[in-house]
Every structure is written in structure tokens, then in C-alpha cells.
Amino acid sequence: MNETSLPKSTGGSQDGIEPIIEGLGGSGYIASRRIATAIFVAQNLNKPILVEGSAGVGKTELAISAAQWLDLPLIRMQCYEGLDESKALYEWKYGKQLLYTQILKDKMGDTLADADGLDGAMDRLHDFGDMFFSERFLEPRPLLKALQQERGAVLLIDEVDKSDEEFEAFLLEILSEFQVSIPEIGTIKATVAPLVFLTSNNMREMGDALKRRCLHLFIPLPDAKLEQRIVAARVPDIDERLKRQLVAFVQMLRQEDLKKLPSISETIDWARVLMLLHAESLNVDLVRDTLNVLLKFEQDFAAVRRSIPELTRKAAQA
Amino acid sequence: MQQTLENFLRALRAVDVRVSPAEAIDAHCTVEAVGYADRELLKDALCAALAKSEEEVDRYQECFDMFFSREEFREPPREFDSGSDRIADQPLAQMLAGGTGEEFAQAMEQAANEAGVANIRYATQRGLFMRRLLDRMGLRDLEKLIAELKRSGDPEDADIAARLDQGRDYLFDEARQYVNRQYELYARPAGEQLREEFLVETGLSAIEQRDFDRMHRIVRRMAKRLASRYNRRRKHTKRGVLDVGRTLRRNMAHDGIPFETQWKQTKIERPKIVVICDVSQSVAAAARFLLLFLYSLNEVIASLRAFAFSAFLDEISDILENKTVEAAIPEVLEKIGFRPTDYGQAFADFDEGFMDAVDRRTTVIILGDGRSNDGDPRIDLMRKLHDRSKAVIWLNPEPETFWGTGDSEMLRYRTFCHVAKTCSTVQDLERIIDDVLKSYIRA
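In order, the protein sequence lines correspond to chains H and Y. Using this note's numbering, the first residue of the first sequence is number 10, and each one after it goes up by one. Using this note's numbering, the first residue of the second sequence is number 5, and each one after it goes up by one.
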């Protein structure tokens with residue numbers, strides 16, 4: 010790979026990872042060292058990051074916070090089955106093209122009127138160049154938009170595992186060279202490479218080619234200490250004791266055999282709910298009434314129902 | 005330092021973390037960006053650049069710790085005057101007399117690089133590499149010196165010689181340990197890989213109990229691979245056939261001028277599979293692994309119903325769903341397994357209780373040897389299964405030449421199978437299931 014041919018990277022810094030942790034902290038995201046390191050390497054190597062982890066551990070949030078911290082526009086693309094180039098990259102503004110041809114009809118008639126013969130008219134037409142297939146008629150979709158930003162951008166390609174394999178292949182050019190080819194216009198290259206996050210829930214194994222072009226970051230469920238800090242950052246007014254107890258409770262819940270383990274976003278939701286109810290500490294009734302915020306399946310609910318009193322008692326001691 | 009990184013990448017490859025040349029370049033750039041000073045930072049940064057899945061992250065971390073832990077070298081036994089001019093021109097003897105463990109570690113690493121210890125492949129090479137390593141460190145000169153000192157007859161010399169002897173023993177110990185560590189790092193994982201490759205090609209009935217864990221891993225990987233390929237409902241665009249209605253609707257905004265063409269699509273349904281597995285005496289050896297395969301398949305394919313039979317048939321979907329693999333397989337075998345086979349009865353049970361599970365979108369996979377102990381094979385029910393389902397696939401652990409011999413009803417059953425194949429190794433199993441999914445589910 011020729012380094013010099015790549016556009017310069019977004020917000021690259023040489024100061025190590027502490028500024029990154031602080032910066033993300035400033036926008037309310039408590040990053041572990043590993044997360045910060047991944048961003049540091051991404052900025053220096055100019056590579057996208059493939060973020061994996063179970064639902065709700067803050068994959069998407071990471072990209073949003075990074076955009077806020079770097080003060081760059083966040084461009085988000087949600088992937089789904091059947092997503093194709095025309096929705097991800099660009100589309101021609103058909104309507105506008107049509108409208109313009111109608112309006113310019115007379116004008117064109119005039120221009121072509123004094124041309125001699127069909128060949129002459131043809132040549133004259135060619136002189137207009139590819140008027141109707143120029144950037145003016147190009148409708149940029151997220152990927153193209155991200156490349157066009159002058160100051161750079163944070164590009165979030167969300168749930169890339171939901172897209173089709175063809176689309177994944179199509180991403181390769183953009184992710185490694187930060188350029189796209191549009192047949193009618195040519196190659197469009199980013200002046201400043203965007204910072205790219207791809208998130209995946211492991212619906213399917215991503216292809217090796219895509220993985221090779223990305224840095225890999227796996228975000229695990231947090232330990233108690235980190236989770237307390239996250240709750241404190243997201244729900245600033247929460248009572249110290251309640252925070253400790255609820256985090257302890259969630260941590261214990263994660264040891265159980267559940268279909269869907271509660272993740273950080275659920276913890277935060279629960280904290281907010283408890284705040285709304287003006288709770289100061291956990292008790293059995295409160296937990297039983299609000300547990301549906303944490304558990305999303307009836308089976309899971311049934312599985313822990315009996316152990317609620319014990320878990321609550323243990324959490325209360327935390 | 006470049007050499008160190010290269011060696012580390014080799015060690016990573018040995019534990020099956022894939023590092024392509026492009027990723028090696030990334031690794032070098034990463035190191036350039038973060039430097040060697042902060043160990044944690046280096047670890048995390050290289051991890052992001054090299055390990056590409058959760059499992060790879062685990063393996064990477066283990067490998068990193070092992071590789072970069074320069075395990076404490078014991079301090080050399082030094083109780084004598086290093087200034088003695090007897091040993092002045094012998095760097096190794098000097099070091100034995102006055103060096104620290106750290107210095108030894110460095111010297112040994114350098115010698116190891118020169119001797120190419122990282123190329124070690126087999127356990128039997130350990131002696132050879134140890135010898136080479138010690139030669140590079142100057143063992144021969146040391147031995148010559150010791151011999152000379154012993155010969156000289158001077159009591160002081162004899163004393164130094166004795167000390168150096170001790171030092172040499174120390175050196176041997178450390179070198180042995182060092183080579184062992186290198187072997188662990190570079191060669192042992194390759195052995196594991198070899199074992200797995202071997203297992204994949206071994207007949208199911210010949211696999212031993214102690215390889216069960218390993219098999220579980222292999223089978224699981226394979227099931228996941230298959231599932232990710234086929235478990236998604238997909239739309240397929242048929243190029244060439246214009247969908248006039250949808251095209252008109254799409255282009256209303258453009259005055260009905262068809263700027264955007266819409267093509268006819270076919271939907272590909274998710275696989276719907278019913279598996280009927282023989283766990284009787286005649287296939288006892290293979291049954292465990294067939295069940296293992298079923299278990300893994302159940303983890304990854306959403307709509308799978310599993311049945312097991314010997315003298316009678318029962319559904320085992322629940323057991324597979326709710327129990328761990330260690331508990332589920334013995335339970336099935338205890339409940340249903342190891343009785344004499346009765347295919348007729350099994351089909352009758354299936355017909356009575358579960359025939360509605362089969363409709364024309366279902367693929368039925370039967371795993372068994374077709375040996376029915378001379379009972380009524382109930383060919384009529386087999387025909388019914390054939391007529392109702394999308395496809396019936398019979399996988400038989402016996403080679404085709406055995407079919408129809410003795411009490412085997414395979415040739416009669418075969419008539420009503422869309423596919424009947426021998427399936428005796430894990431590799432066969434994967435290939436056949438792959439074919440099955442490809443040809444019958446995507447059609």
C-alpha cells in the first residue's frame with residue numbers, strides 16, 4: 010500500500026491515548042484503555058475500526074461520542090438486507106434531470122438549429138459535455154457525503170453484519186482507499202479521510218477481506234467499577250448508594266443463565282427509571298416492578314423471579 | 005527490534021491468529037506509532053491491528069504474554085573473583101563470574117536469534133537447538149578453559165574450574181528451559197492443528213473419547229460456518245426479467261418514464277430441517293458424534309427439529325436446546341440409545357406423532373446405517389416422507405459396498421431418498437450438508 014497516496018487522517022494526534030480518554034469522557038463516554046488505543050491506532054494508521062460486542066454495550070454510542078469530541082459531523086448509515094449502492098453511495102437526481110431537459114428544450118433547439126446535418130448536431134451535443142451527469146445532478150448518500158466533508162467526518166456504518174455480502178465487497182474500496190468510482194464522473198477521493206466505525210452484532214461472520222482492512226475492537230460487558238463510572242457519567246444526579254447497589258445487582262444478574270444478558274444501555278435505562286421513581290435504595294418490590302427494563306424476555310423474567318429477594322439482599326450490601 | 009516483531013508474528017500464526025503480509029505491515033506501522041515503551045499500550049494496539057475476532061483476541065493475549073514475558077532468569081551462581089586474569093579473555097566465563105540474570109537473558113536471546121531457535125518444529129529437535137544455542141554463546145571455549153584449569157594442578161585454578169563447572173550446569177538448565185519455552189511458543193500449537201486436521205479425516209466410529217472436546221470445537225466451527233452461509237432469508241434478483249408493475253409504480257414521480265428499473269425477485273426461504281438420527285447399538289460408536297453434530301447444528305439453525313431413535317423414536321429438540329452439550333448427549337443416549345434398531349417402529353412413531361413437522365418446504369435428513377434387524381422396514385412410510393417433504397437425504401456411515409448386505413435395507417430405502425450418501429468423517433459431513441443446503445434450499 011502506498012502511504013502517500015492516502016488522504017490525511019482525521020484528527021490524528023501523536024500524544025498517546027490519554028487525550029482520547031479525556032476527550033471521550035468530555036462527551037460522556039467512559040472509554041477503557043483498549044477502546045482509546047484502538048482509536049489512537051485508527052487515527053495513526055488511517056484504518057476503519059470494526060466494533061463488535063453484544064447489543065447495548067455502546068458500540069454506536071462510541072461513534073457518536075467520538076464525533077462530538079472531535080467536533081466533526083457524524084454521518085450514519087444503517088445497514089439492512091438489500092441495501093445497495095444507490096442508497097449507500099449516490100444516486101442521480103432523476104427528477105431534476107428530467108425537469109432541466111424539459112426547461113432547456115427550446116434553448117437546445119436554438120443551439121442545434123444552425124448545426125448542419127445530424128452529425129453536426131451530434132458534435133454540438135457532445136460539446137456540452139456530460140452536462141446532465143455532473144456533480145450538480147448527483148445526490149450524495151452517506152458514504153459519498155462522508156468523503157466530501159472538507160474537515161473530515163466520523164462515518165458510522167451501523168450493523169454492517171445485516172447487509173448482504175455483495176454490499177460488503179463494495180465497501181472494500183471505500184474503506185481501504187477512501188475513494189469511490191462513479192462511472193459517469195470518475196473517481197472521487199476524500200481530501201481528509203473520515204474516521205470510520207463499523208459495528209457488528211455477529212449476525213454473521215464478516216468476510217476476511219473486510220476484517221483485514223479494519224482494526225478490530227471487541228467491547229465486553231464492563232466490570233462493576235467501570236459500570237459505576239458509566240452510570241455516573243450518564244445519570245449524573247443519581248444517589249451514590251443507589252448507583253452502587255444497582256450496578257451490583259446488574260452484575261449479579263449477568264452471572265445467571267439468561268437468554269439476553271442486560272447490557273450497559275439497560276443499566277442506564279434502569280438507573281433513569283429508578284431516579285424517576287425517587288428511589289434511594291433497592292428493595293424487593295421495587296426490583297420486581299421495574300425488572301422489565303432489564304430483562305427483555307418472559308423466560309428470563311421467569312428464570313430470575315425466585316432469586317430476586319436474594320439478589321436484592323446481596324446488592325444492598327454492596 | 006524488527007526481528008522481535010517478526011518472531012512475534014510467527015508465534016501468532018502458530019496459535020492460529022491469521023496474519024497476512026498486509027497485516028504485518030500494519031503491525032509495523034502500529035509499533036512505529038505507539039513505540040515499545042508502554043507495554044499495555046503496545047499490547048492493546050497490536051491487538052486491535054492483528055486479532056480479528058473474539059477468539060483470536062483470547063489467543064492473541066495468551067501469546068503476547070507468553071512471548072514478551074522474559075521469564076526471570078535465575079541469578080547465576082557467582083562467588084568468585086571475576087577479575088582473575090585466568091578468565092579475562094572469555095566473555096562467557098566473565099559473565100558467569102559477574103553477570104546478572106538480565107544480562108544472561110539478553111545474551112541468550114541474541115544467541116537464540118543467531119541459532120534460529122524460533123524455527124523449532126518438533127519436540128525431538130529440542131536437544132539440537134539447545135546445543136546450537138549454547139555453541140553460539142561460546143560453550144566450547146568455556147569447556148576448553150575448564151579442562152585447561154583442571155589440568156594445571158594449581159589449587160586456585162582447580163577452585164575456579166569447579167565454580168565454572170557449576171556455572172555451566174546453570175547455563176545448561178537455563179538453555180533447556182529457554183528452548184522449551186520457544187518450543188511451546190512456536191511448535192506445540194502446530195501439533196494441535198495437525199491433530200485437528202487428522203480428526204477431520206478420521207472415521208466417526210474410530211474417534212476416541214478423549215478427543216471429544218476437540219471434536220466439539222471442530223464440529224461447532226463447521227456448523228457455524230454452514231449456518232452463516234445459509235441461515236439468512238435472501239432475496240435474489242433475477243436479472244433480465246422486468247417487473248413491469250413495480251417499475252411503473254417506482255417511476256410515477258418521473259412521469260412514468262422508467263428511469264429506475266425493477267427486476268423480478270425470488271425469495272430464498274430459511275432452511276427448515278428435520279433430522280432423524282439413529283443412536284442404536286449398530287452405530288453406537290458414531291452416534292455420539294452424530295449427536296454432537298446435531299447439537300451444534302441446533303445452536304445455529306433456527307428451525308431445526310431433531311429426533312433420535314433405536315427401538316422407538318422420540319423428539320430430542322428440547323434436550324438439545326436446554327442442556328449443555330456435556331449433559332445433553334449422555335441423556336439422549338441413555339433415554340433412547342443402545343437398544344436394537346427398529347426402523348419400521350421408528351418410522352411408525354414418527355408418522356404417528358410428528359408427521360406434521362414435515363411439509364413441502366422441509367428437508368429431512370436421516371443419519372443411520374439402515375440396518376433394521378430384519379424387522380419390517382415400513383417402506384410405505386418412507387415413501388410418505390419422500391412425498392411430503394422437499395427432500396430426503398440419507399447419510400450412512402457405512403461405505404456403499406456394504407449397503408444391502410445382511411440385514412441392511414439401505415437399497416430399498418434409497419429409492420425414496422433424493423440423496424443417499426456415505427458419510428463417515430466430519431469432512432464428509434460438512435461437504436454433504438453444504439451440498440444439501442446449496443442444492444435443495446436455494447433452489
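Calculated from the structure, these hints are not laboratory results. One should not assume that every hint holds.
As the list claims (entries may be wrong) - The calculated DSSO-like cross-link candidates involving lysine-lysine, where the alpha carbons are at most 27 Å apart (straight line), are: (1) Lys228(Y) to Lys305(H); (2) Lys268(H) to Lys47(Y); (3) Lys269(H) to Lys47(Y); (4) Lys220(H) to Lys47(Y).
To be verified - Each pair of labels, with its calculated beta carbon distance range: (5) Glu31(H) to Thr328(Y): 53 to 59 Å; (6) Ala109(Y) to Glu31(H): 20 to 26 Å; (7) Phe263(Y) to Thr196(H): 32 to 38 Å; (8) Gln431(Y) to Asp80(H): 51 to 57 Å; (9) Gly357(Y) to Phe310(H): 51 to 57 Å; (10) Thr328(Y) to Arg322(H): 49 to 55 Å; (11) Glu174(H) to Val248(Y): 35 to 41 Å; (12) Glu174(H) to Phe72(Y): 35 to 41 Å; (13) Glu66(Y) to Asn292(H): 39 to 45 Å.
Claimed, not checked - Reference excerpt, derived from the structure (chain Y facing chain H, CB under 8 Å, subset only): (14) Pro25; (15) Asp30; (16) His32; (17) Glu44; (18) Asp353.
No residue lacks a Cβ here, since even glycine has one placed at the ideal position from N, Cα and C.
### Query
Which of the listed hints are not met by the structure?
The structure breaks hints 2, 3, 5, 6, 7, 9, 10, 11, 14, 16, 18; every other hint is satisfied.
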